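Asker: So the chains spell out like this:
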Amino acid sequence: MNTATVVGTASMGAKFLGALVLTLKVLIYLFLMVMIGLFLMGIYRKFTARVQYRVGPPIWQPYIDVIKLLSKKDAATKNWVFDLGVIMGLGGPLALLLFLPLDTIVGLNFHTKGDLILILYLAVVGPLGFALAASVGASPWGAIGVGRALSMMLGYELPFILGLLAVVAKDGTLLLQKVSAAQSMWNPAGWHYFQWPLILAAIGAHIALQGVMSEKPFDQAIAPHEIASGIMVEFGGKYLGMMLLMKAASLMAELGLFAVFFLGGTTAWDTIVKIFALFIIAISFDAVLGRFRPDQAFTVLWKWPTIIALLGLLLTVFA
Amino acid sequence: MPIRELVVTYDFPTDLHLGPQHPGIHGNFAYILKVDGEKIIEAKIVPGYLHRAFEKLMERRTWINNIALIPRVCVPEPDVNEYAFNAAIERIAGWEIPPRAKYIRTVVLEMARISAYLMYLASMGGGVGVYPLTQWAFGDRDYILDLFEALTGARVYHIYMIAGGVRRDIPEGWLDKLEETLKYLEGRLKEYDKLVMNSAVVQRRLVGLAPITPEYAMEHGVTGPNLRATGVPYDLRKLDPYAAYDELDFEVVTEKDGDAWARFMVRRREIDQSIDLLRQLIDKLRKDDTPHIHQPYSGLAFKVPQGEAYVHIESTKGEFGYYVWSDGGFNPYRVFVRGPTTSHAGVLMEDIVVGQELADFSLIDGSFDICPPDLDK
Amino acid sequence: MGMLTHWSVLTVPMVLVLGSILAALFGLIKNEKAKRVLQMISTTAAAAFALYVNIALVAGWKGVPKMADLKPFTVKLTETLTLSWQYYWITGTFAILVMGVLMFVLAYALETFKDDENTTPFYVLTPLLAAAIYMTLASVNLIALFFSWELMSFVAFLMLLYYDRTKEGGPWLYAFWSGVGAMSMIAGIFLFYLASDGKTGFGLFELMQTVPVLTIKHPYMTLAAVLLLGVPFMIKASIPPFHTWAPRTYGSTHPSVAAFFSAAYSKVGIFAMLMWVYMFVGTVMSGKWVTTLGANFRNMPTAFFILAILLAFGAVFTSLLAFAQKDAMYLLAYSSMGQLMYMVMALVLGIGITVGYQKDMNVTMTVYTLGFFGAIYHAYAHGVFEMAAYMALGAAYKRSGGETEFNKLGAYAHRMPVTFFMGFLAMLSTVSIPLMWGFASKYLIYQAALYGRFFVLSAMALIAGTASFLYAFRYIHGIWWGQPTKGYDFMHSVKEVSAWGIIIALVVMGLTVLGGAIPGQVLNFITGNAVNQMVMQSAMAGGPLLIDKAVYMVNGFSILHFGYLAILFTVGILVALLVYTTSGGSRKVNLDDFYNSAEPYRPEWQVQLIGAFYGPIERVIEPYFKVSIERVYNWLGGIFGWFASYIESWNTGDTRDYTWALAGLIVLLMVLWVF
Amino acid sequence: MVEWLKLVDKARSRSIWMLMYCTGCGAMELPPAMTSRFDMERFGIMPMATPRQADVILVTGYVTKKTLKRIIYAYEQMPAPKWVVSHGSCPINGGVYWDSHATVNRLDLFLPVDLYVAGCMPRAEANMKMFTELMDMIAKGEARGWEEYVKNRDYYKENQRKLFGYDLVFTDGRSAL
Amino acid sequence: MRVEEVIKAIQDKFGLEVESPYPRRLRVRIPAEGKSEEERRQMLRDLLQYAKEIGFQHMSFITCVDFIKDGRFELNYGLWSYTIPTMLVVKYDLDRENPKHITVVDIWKPAKTWEQEVHEMFGVEFDGNPRSFEPYVLEDWDSIPPLRKDFDPVQYLKEHPMQGAGYDPLPYVNLVEKNLEQPTVEETGGDEGADS
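Sequence lines, in order, name chains A, B, C, D and E. Position one of the first sequence corresponds to residue 1 (my numbering), numbered consecutively onward. Position one of the second sequence corresponds to residue 1 (my numbering), numbered consecutively onward. Position one of the third sequence corresponds to residue 1 (my numbering), numbered consecutively onward. Position one of the fourth sequence corresponds to residue 1 (my numbering), numbered consecutively onward. Position one of the fifth sequence corresponds to residue 1 (my numbering), numbered consecutively onward.
Chain A extracted, bound-state conformation (with noise of 0.2 Å):
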């Protein structure tokens, strides 16, 4: 609809500085979103220490450790599709940020042009590009992390799919904008969360929201003591920097995701406050929560946070 505000009938010269003018803003919001992820890990580490009796690195040791990542000197690669697949696992995640309602945050409106289907298919870009470097990789521990993280996918799916589509069926928009808009930015009443059909769509979807992280019980694609960490097997210095970042722009993503559909994120500041009391929510489960076997926590996601989000779903519409 408004495509045409920015490459507006001035003449050249400003149309170019208006370009150059976006592609800044959309950098400073990238970075922005990547730096509060990495907080967010930071705050992980900090918090799981503090429950484990001891000290815990300090709240920027993230930063400190992507820096020291990216400053490696010869990380190994087998092919340049290797490199391929790193960049475009890094690609996805970032892609996906700008269809976010966070970027108000530097002005940007590209997320009204967001909608649901475009937001769960290229939240699929990420990982499919760190299974490819995975593959790639060529060593039989990657190919069985990725297995795990792809079957791990197909479980938390199901859920969350039917928590987001409850949603959609009682605002009747797949528009991130319209949803965000049906509901208030800081009344709780006014949020999904509470109202009575979707509650029950809210909690399918938010233990899905779970995996969707890949946080404790369901994060059996890095689970270190069975499969020596999985995918990152094969990643050395600046391929596993650059799997850092994209872990935390898709925490920022996915969770912001959550807080638009059920917690009423309107504008970047209330969402990030939504996204910081998401994760303190998730982190706590992950600290004392032991891992389920992949099969076990398949059959678990399909069983119960499944059965409750499809009741929400078919109370929506129906009732």
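Read the hints as simulated data drawn from the structure, not as lab findings. For clarity, every value in this text was computed on a predicted model and none was experimentally measured. Ideal Cβ placement from N, Cα and C applies to all residues, glycine included. Check before you lean on any hint, since a few could be wrong.
[As the list claims (entries may be wrong)] Just the calculated beta-carbon pair ranges, DEER-fashion: (1) Gln11/E x Asp246/B: 44 to 52 Å; (2) Pro135/E x Leu27/A: 57 to 65 Å; (3) Glu125/D x Ile64/B: 23 to 31 Å; (4) Gln306/B x Glu147/D: 35 to 43 Å; (5) Pro135/E x Pro99/B: 44 to 52 Å; (6) Asp167/D x Arg631/C: 55 to 63 Å; (7) Glu142/D x Ile64/B: 49 to 57 Å; (8) Asp257/B x Asp106/E: 27 to 35 Å.
[To be verified] On the chain B side, residues computed to face chain D include the following (Cβ under 10 Å): (9) Gln21; (10) His22; (11) Pro23; (12) Asn28; (13) Gly48; (14) Tyr49; (15) Arg60; (16) Arg72; (17) Pro76; (18) Met119; (19) Ala122; (20) Trp136; (21) Ala137; (22) Thr152; (23) Val156; (24) Pro373.
[As the list claims (entries may be wrong)] Below are the DSBU-like pairs computed for lysine-lysine, each with C-alpha atoms no more than 35 Å apart in a straight line: (25) Lys66/C x Lys44/B; (26) Lys62/C x Lys34/B; (27) Lys34/B x Lys109/E; (28) Lys167/C x Lys408/C; (29) Lys162/D x Lys25/A; (30) Lys46/A x Lys162/D; (31) Lys109/E x Lys256/B; (32) Lys44/B x Lys69/E.
With chain A fixed as given, assemble chains B, C, D and E onto it according to the hints.
Answerer: Relative to the frame of chain A, chains B, C, D and E by itself:
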């Protein structure tokens, strides 16, 4: 014509190396697995990464030198080696050690048992993913290492028992500190139970994992807590009492169905049993004041009369024994170290792992408490 | 270009037949290489001409007369029974796809045929099959449809018979099901003839008008006729419950044959289903059936809603089956079955909703044509990416010496990068990654489902999409990456595809991205004047606008301005590239230097993990696959044991017997006519 | 471009990732250093599962011939700025197993060792001191062991060939597809 | 079943004299003279089978001692019974030059790893147990089995300088000869030596 619907077996095994450097392996040990996707078809052990040929080195050292060497055989529980070797020398030479030395040796053995079992809880916590259990267990284990340091001067390799008794008597106030630590540990163990007992994830992962029957266990040379987990009350401290165990009264801890959860619970309840034994020993030590050592020899080189003796005791891993041959010289003629992992890893693991999931391999390996150094020696 | 004036429907088939005759003649040349190249050139040229003509007709380019004034071709058997073929808009749309796939498959075939395989039958029969398909698409009355349908099945059966790679009875299963289809089509046509007591003709479009009238007169007979007529269409489009033949047939042939079959030949089933759904709508919405089958179940006739749910379940089940397969051909077979079910579900959604709203008469049901055009666009997407996946597999098949099992392939991409990228983009499109053709088409289908308020249905469709992600990775890891299962020395002998193959691969890759980058324009081009034709016919029938092109352009793709998507997607990739270039260096490492728990690699180990790494969830979902339709058929087959053995003995594998059967059917027809 | 910043050495020192490989008996004192009492993670030190992700490899105690081959293989799989720390006296002169036919008495003939830690099994406090010492060396840029291995690679390879009797080459050219 | 009954049972069945040097310890030796190699092996296997029937449930170990002076390997089979509870050690002598022997892995499963170890450390071949010929603990071993008395590790290190730290290890002092001058326990008369 096979209906090509869901093909679950691929008859295309892959050679997977749970090799020396793998977070799922406890210690420097390796398995070569033939795997079909995540199902294990066949397993073979590859030992020898920690082989230092102890038995050859012991023949080249005098009796007293060996006592400095043998704690390094089994790292998680070094005192087991010291006791067995010294008991064998005393049995060949026919020396009778004073009761106080017996009590002190039993205290050291029971404390080593608690520290080894805490390490077991830590490794099981890591396998299931409950990392707080790992952190807490290792953290609390350090209190016992501090007690060892106060008693013997070293945290892990104590070199405290020598032929005829123990090197030093118990320092002042040590028994009170021991009592205090035991009370602290009991409080902490309740926290562990909250973390593990009613956690659905841990129950689902461990209950029913690799169950074994008593006949299967004895046929495959399974000893120690793994055997007691199958339901038979066989504990060498009761059947073949050594040190001061015949003077202590305790019940042999057993579980019923012999799966990973039963093995976990046997060890968890044996920590309580050790705490109770230590309390009895503290009372006995406070009343007894005989000398801490009977040393019928002078200097560091003494001869042991010609003869042979086999002493085996109940270590946390299983039956741990020393068979010592002496030809009357200053050096032992031949020493054979009987480690429990030789049967556990070589015979049991290769047989029980077939058909299990790869995700459970590290848990099964941990639940049997496989400790590679006493296989490689 | 004088001769262009007297164009007729038969021009394209004639050219194709000419191409195949040429290929047959070239078959006699002794020098194998020259023979193959000549055959390829002749048939590809014919296919290219056919493609050009169809595109020109649809787009209305100068060199070709208007679509309407193409002379129809009619054969008069008796005064009432005439076979007539005519070119109209739906023929053009599907013909472009079929001829396009034909051209690429024929051009790429040299890369997929091993040296010892005989290519002559392929080059002779494929153009014939394409010609038969063209005739089916152009047939305007049932008798013509039946004749070209049988011709098509017969040629396809011959191809399957000749290229039976795994000897698992694929062709015979296909023959059996084609026979069933033929018989039920005969019965359907016979009943129609009875219901309309011979007066009306059998034009497909006429039927759409006459069927409602017939239902009122003879409700049971017409319904039976339509259902019987539907059976062969469902078989061809491999819709449950008639889908069991497809995996074994596609899986046991040569990759190039399977490429043409699943990419183009199955689209005839989709065309037929499209026609059939119109007829079925006619019966369901009129006469006695309105209350039962036609009862409006959430703005959709109940019969269609049940069919849509059945198809959604079918899509999920086939996708779950696909990732558990041991053989790449079977994986692609199940994957294409899943995609076909998507299309028919979209078709049913599109048509169903249109009719549902027609009853309300208040809303011009233009907005819900998303499903209808989503189906057509997904047919194109599937045509392109399935062909690409099979071609890439074919190239690996030739270089691996005839292997298609995952256990025997691996690490071919190191030696064949361009072919890998063709397969990779095909898989990206299967998984419907944004900016791919698959995404644009599925985007339409999901909108149809979601705006039609079928939430459980779209949830199942999304799960089938996620399951497609699993088998896409298995295809990529099994064939192209991972460790070579035949050892490193063998891999040094593998060479990249020839220059000609690379050109085709690049073009095909361009196609998979073209459909996703500018979807609105491509869909408009393919179904260019579709709207006018549809509008014209429905206006005659007095109904409101059936389809309004502007609507799908506005609603379909406009919500998500695909230009935006392309820019933002590249911005994300560029930022990632920026991070990649500014960070530290990297060193190339050999293939046997991988993490093996610090155990140095030794050649006698087999370290390619391609067994059941989805094993855990396969074991979880296996119990739910106990009840399967195939087992029901086999059980039925067992019961008619004597009948089956009789057919077995009758099927001497000699083509002459089959022609006798055909002749017998035609005689039966003649008898009917007289009676 | 990132290389010359002083920040990088600081970052490398504050985020050392240790290869989770207990080669000898010294590994018994690493878990207390990792867990709640001594907690090395507050310095940013984390045990990592595979050599690709690790920066430092700890040779904890005696080195048998069989283990040394795997240590060298893991060392060569690690990305560039990597360091080797050897625990106890066994890797220096054989220690208590000086006369054993299975152990290798001197490690630095085969791998460039950056730091030695005293103690026949160094205590947990000694491990913490080792980590802080390693962090200072890296911050000041003194830990140059990996350049040593690159510069006179044939010296190390020659020693390894003499020890094992065959060339320790882990990947022959055949797999360079 | 009591210890005495076990001793009587073995004496009756096999005519072997069972001695009990320490509480809960029994020793029996398969006699070397008078019987052919085959008969002794059969007696050994029968004895191990019979022990399994009368209540010995656990094979604790199989080990070997190299008596180089009288040129024989002495194999010790350690069986433990939880029910009696006692340990029976069966001794079997082998000629040192060509130590060929039969396996007992079909009677006792744990014998697999013990025989593998004895084969690698002493060179005793157990025919019938293929796994015992595989390398167990040593890798690329190029000398005589290491636990034999005539193998000198320091000499081995001299031949492999790289392993022996690249320089001549401490001069080897044969402690046995050196100790001859040490005052024996009897002369020093007990305690006062303790603190010297």
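Asker: With reference to the structure, classify each hint as holding or not holding.
Answerer: Hints, one by one, checked against the model:
1. The hinted range of 44 to 52 Å is not satisfied by glutamine 11/E and aspartate 246/B, whose Cβ atoms lie roughly 30 Å apart.
2. Distance hint check: the CB atoms of proline 135/E and leucine 27/A are about 59 Å apart, consistent with the given range 57 to 65 Å.
3. Between glutamate 125/D and isoleucine 64/B the beta carbon distance is about 29 Å. The supplied range of 23 to 31 Å therefore holds.
4. In this structure the hint that glutamine 306/B and glutamate 147/D lie 35 to 43 Å apart at CB is violated, the actual value being about 59 Å.
5. For proline 135/E paired with proline 99/B, a C-beta distance near 48 Å keeps the hint of 44 to 52 Å intact.
6. Roughly 59 Å separates the CB atoms of aspartate 167/D and arginine 631/C, a value that falls within the hinted 55 to 63 Å.
7. At roughly 43 Å, the beta-carbon separation of glutamate 142/D and isoleucine 64/B lies outside the given 49 to 57 Å, and the hint is violated.
8. Range check, aspartate 257/B to aspartate 106/E: about 29 Å between beta-carbon atoms, so the 27 to 35 Å window is met.
9. Against a cut-off of 10 Å between C-beta atoms, the interface hint on glutamine 21/B holds, since the closest Cβ of chain D lies about 4 Å away.
10. With a cut of 10 Å, the hint placing histidine 22/B at the interface with chain D holds, because the nearest CB-to-CB distance is about 8 Å.
11. Among the interface hints, the one on proline 23/B holds; its C-beta lies about 5 Å from the nearest C-beta in chain D, closer than the 10 Å criterion.
12. The criterion of a C-beta within 10 Å of any C-beta in chain D is met by asparagine 28/B, whose closest approach is roughly 6 Å, and the hint holds.
13. With 10 Å as the threshold, the beta carbon of glycine 48/B comes within range of chain D, its nearest partner Cβ sitting at about 5 Å, so the hint holds.
14. For tyrosine 49/B, the interface hint holds, since its Cβ comes within 10 Å of a Cβ in chain D; the closest pair sits about 5 Å apart.
15. For arginine 60/B, the shortest C-beta to C-beta distance to chain D is roughly 6 Å, which falls under 10 Å, so the interface hint holds.
16. For arginine 72/B, the suggested interface contact is upheld, since its CB lies about 6 Å from the closest CB of chain D, less than 10 Å.
17. Interface restraint check for proline 76/B: the shortest CB-CB distance to chain D comes to about 7 Å, inside 10 Å, so the restraint holds.
18. A cut of 10 Å between beta carbons decides the hint on methionine 119/B: the least distance to chain D is about 8 Å, and the hint holds.
19. Nearest Cβ of chain D to the Cβ of alanine 122/B: about 7 Å, under the 10 Å cut. The hint holds.
20. A distance limit of 10 Å between C-beta atoms decides the matter here; for tryptophan 136/B the minimum to chain D is near 7 Å, and the interface restraint holds.
21. A hinted interface residue such as alanine 137/B counts as satisfied when its beta carbon comes closer than 10 Å to some beta carbon of chain D; here the least separation is about 8 Å, so the hint holds.
22. Interface restraint check for threonine 152/B: the shortest CB-CB distance to chain D comes to about 13 Å, outside 10 Å, so the restraint is violated.
23. At its closest, the beta carbon of valine 156/B sits 6 Å from a beta carbon of chain D; the interface hint therefore holds under the 10 Å criterion.
24. Of the supplied interface hints, the one on proline 373/B holds, with its beta-carbon coming within about 7 Å of a beta-carbon of chain D, less than 10 Å.
25. Note on lysine 66/C and lysine 44/B: the hinted pairing is violated, with a Cα-Cα distance of about 76 Å set against a maximum of 35 Å.
26. The suggested pairing of lysine 62/C with lysine 34/B is violated, with an alpha-carbon distance near 67 Å, which exceeds 35 Å.
27. Straight-line distance between C-alpha atoms of lysine 34/B and lysine 109/E comes to about 22 Å, which keeps the hinted pair within the 35 Å bound.
28. Simply put, lysine 167/C and lysine 408/C have alpha-carbon atoms about 19 Å apart, close enough for the 35 Å limit, and the pair holds.
29. For the hint linking lysine 162/D to lysine 25/A, the alpha-carbon distance of about 61 Å lies beyond 35 Å, and the restraint is violated.
30. At most 35 Å may separate the alpha-carbon atoms for a hinted pair to count; lysine 46/A and lysine 162/D exceed this at roughly 48 Å.
31. For a cut-off of 35 Å, the pair hint linking lysine 109/E to lysine 256/B stands: about 24 Å separates their Cα positions.
32. At most 35 Å may separate the alpha-carbon atoms for a hinted pair to count; lysine 44/B and lysine 69/E exceed this at roughly 38 Å.
Against the hints set out earlier in the document, violations occur for numbers 1, 4, 7, 22, 25, 26, 29, 30 and 32.
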